[in-house]
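Student: Note that the protein sequences, when read in sequence, are chains A and B. Read in order, the letters of the first sequence are residues 6 to 100 in the working numbering. Read in order, the letters of the second sequence are residues 42 to 530 in the working numbering.
Just so you know, not all the hints are guaranteed correct.
[Claimed, not checked] To give a feel for the contact side, a few chain B residues facing chain A, derived at Cβ under 7 Å: (1) K123; (2) L126; (3) G234; (4) I327; (5) P350; (6) R375; (7) Y386; (8) K388; (9) R390; (10) R425.
Note that these hints are calculated values from the structure, not bench results. Ideal Cβ positions, reconstructed from N, Cα and C, are used throughout, including at glycine.
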Amino acid sequence: MSLTLEQVHRIAHLARIEVSDAEAHSTLVHLNGIFSLIEEMQAVDTQGVEPMAHAQDLAQRLREDRVTEDDRRDAFQAVAPEIEAGLYLVPKVIE
Amino acid sequence: MMEHSLKALAQALAAKEMSSVELTQHYLDRIAHHNPQINAYITIDAERSLAQARAADERLAAGTGGPLTGIPLAQKDIFCAKGWLTTCGSKMLGNFVSPYDATVIERFNAAGAVNLGKTNMDEFAMGSSNETSFFGAVKNPWDTDRVPGGSSGGSAAAVAARLAPAATGTDTGGSIRQPAALCNLSGLKPTYGVVSRYGMIAFASSLDQAGPMGRSAEDCALLLNTMAGFDQRDSTSLDRPAEDYARELNADAGAKPLAGLKIGLPQEFFGEGCAADVMQRVEAAIGEYRKLGAETVDISLPNMKLSVPAYYVIAPAEASSNLSRFDGVRYGYRAEEYSDLNDMYSKSRAQGFGAEVKRRILIGAYVLSHGYYDAYYLQAQRIRRLIANDFVAAFERCDVILGPTSPSTAFKIGEKAADPVQMYLSDIYTIAVNLAGLPGMSIPCGLASGLPTGLQLIGNYFAEANLLNVAHRYQQATDWHLQLATGFD
Numbered sequence: 006m007s008l009t010l011e012q013v014h015r016i017a018h019l020a021r022i023e024v025s026d027a028e029a030h031s032t033l034v035h036l037n038g039i040f041s042l043i044e045e046m047q048a049v050d051t052q053g054v055e056p057m058a059h060a061q062d063l064a065q066r067l068r069e070d071r072v073t074e075d076d077r078r079d080a081f082q083a084v085a086p087e088i089e090a091g092l093y094l095v096p097k098v099i100e
Numbered sequence: 042m043m044e045h046s047l048k049a050l051a052q053a054l055a056a057k058e059m060s061s062v063e064l065t066q067h068y069l070d071r072i073a074h075h076n077p078q079i080n081a082y083i084t085i086d087a088e089r090s091l092a093q094a095r096a097a098d099e100r101l102a103a104g105t106g107g108p109l110t111g112i113p114l115a116q117k118d119i120f121c122a123k124g125w126l127t128t129c130g131s132k133m134l135g136n137f138v139s140p141y142d143a144t145v146i147e148r149f150n151a152a153g154a155v156n157l158g159k160t161n162m163d164e165f166a167m168g169s170s171n172e173t174s175f176f177g178a179v180k181n182p183w184d185t186d187r188v189p190g191g192s193s194g195g196s197a198a199a200v201a202a203r204l205a206p207a208a209t210g211t212d213t214g215g216s217i218r219q220p221a222a223l224c225n226l227s228g229l230k231p232t233y234g235v236v237s238r239y240g241m242i243a244f245a246s247s248l249d250q251a252g253p254m255g256r257s258a259e260d261c262a263l264l265l266n267t268m269a270g271f272d273q274r275d276s277t278s279l280d281r282p283a284e285d286y287a288r289e290l291n292a293d294a295g296a297k298p299l300a301g302l303k304i305g306l307p308q309e310f311f312g313e314g315c316a317a318d319v320m321q322r323v324e325a326a327i328g329e330y331r332k333l334g335a336e337t338v339d340i341s342l343p344n345m346k347l348s349v350p351a352y353y354v355i356a357p358a359e360a361s362s363n364l365s366r367f368d369g370v371r372y373g374y375r376a377e378e379y380s381d382l383n384d385m386y387s388k389s390r391a392q393g394f395g396a397e398v399k400r401r402i403l404i405g406a407y408v409l410s411h412g413y414y415d416a417y418y419l420q421a422q423r424i425r426r427l428i429a430n431d432f433v434a435a436f437e438r439c440d441v442i443l444g445p446t447s448p449s450t451a452f453k454i455g456e457k458a459a460d461p462v463q464m465y466l467s468d469i470y471t472i473a474v475n476l477a478g479l480p481g482m483s484i485p486c487g488l489a490s491g492l493p494t495g496l497q498l499i500g501n502y503f504a505e506a507n508l509l510n511v512a513h514r515y516q517q518a519t520d521w522h523l524q525l526a527t528g529f530d
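All chains, please: the whole structure from these sequences, using the hints.
Tutor: What follows is the structure in structure tokens.
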């Protein structure tokens, strides 16, 4: 299979990455090269094989429902691009 | 003191032959002098390092030091370290001063080790040459026209040029083992879940694992003793009893220390695709292992050739999810100009990420999208199972699997940068180990045309102590790991 330019724009939109038309062309060439490598998988019959999501068969641990972390909001917000009164500021989304 | 093992450095510190401040300053001076040649470090903060060294000297004076107290170590810039710039090799985190410590950093701090600086790396650990770093390519100390490997290329180059006694790395598809091979170091990727991933910036969460990089297997064992351990804050951390990974190294073993050891040689590691000069060194290492008493058995990992395709579905899928957190809102880079919220996300991510990171996010977004999930993502996970099963079958017939780490010695800077597929294939021997979650090591096995080659040793789950001993016995009988790059005196 090979991707189309339209698909590149669509996945770039899904991933929220702005791609110019010029970039989309070179991205298309690279992605198609990578997908021709990935396609080698398709020849393999994997019927009945249990998908392996993880290296260890783990059950999620449970812990007691109690506070274990200090409030460090100021320290964590100190690295934010824009804050005010403890809130993260972004462009207006509701008119 | 540049040629000292970590054990010898600790002894010298304990005997007051030198102080941690002197040792740390010695390395800081060397970094100031030599780092411009190789670009191994992104951030140096001499005041912070020396403050830690002073505290270590107080512990040593009080007699409360441990095996790593006062020893300076280079930290890959993927580990969050409180008060340190932590970039992950990306413009996206070019201004990120971490407000907290990764568990690995916390454990080294508690052990009294000194953070010597943050090392360069491929952006978000995506690369095999260290050329994708926003902060510039790292150069291989053995030949500065060549790559050090990646993604832990800065850590590898720093140790190889004696700008740190040892370093940390992380390995998602070979990122500890391949740079170790290309820079003549010993490097260990532990069993998945042995070292906490808390505060280690995520690339592909089901594959990422931190580990040590050093001059010898013995040095790696000492570092792993501090790095490993259960951590409540990492949901995939394994709750197992603590172990001494150096416990087998000092046993008196006689002339055939590896008698009874069965080494598996997978035919897939010894076919075409590996450079003849690398294969010659690997074959010589097999001969050395026979002299040490080991037997070899021929084995097969029939699905290994599918590891690269399956990896380039699974790792990008997990990366596209993990890297969605970088949106210009809570930390990291935000574009200067934008029209609305979506435009702010799209421009911040377009400007903050480099080309390789964007490619992998797009692959991930595609294979996870509606209509493609079964054909790509589920198929890759099924192949992952087949690959893991191959190892289970192989370990019924042998104790350790041996082969080359990398199909070639260090390649030239720029040689593979334009062709992602060629770059991906340089991890052909390492990726299957991550998919299965097994421990793997690379150790030096000789020079080919003056460049290092690496021998890969793969162990069964939780067999780190044995793997380190198998590496150590080879290093007791050979001196390849003691060979040094010239020009860094």
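Student: Go through the numbered hints given earlier and state which of them the structure violates, listing their numbers in rising order.
Tutor: 1, 2 and 4
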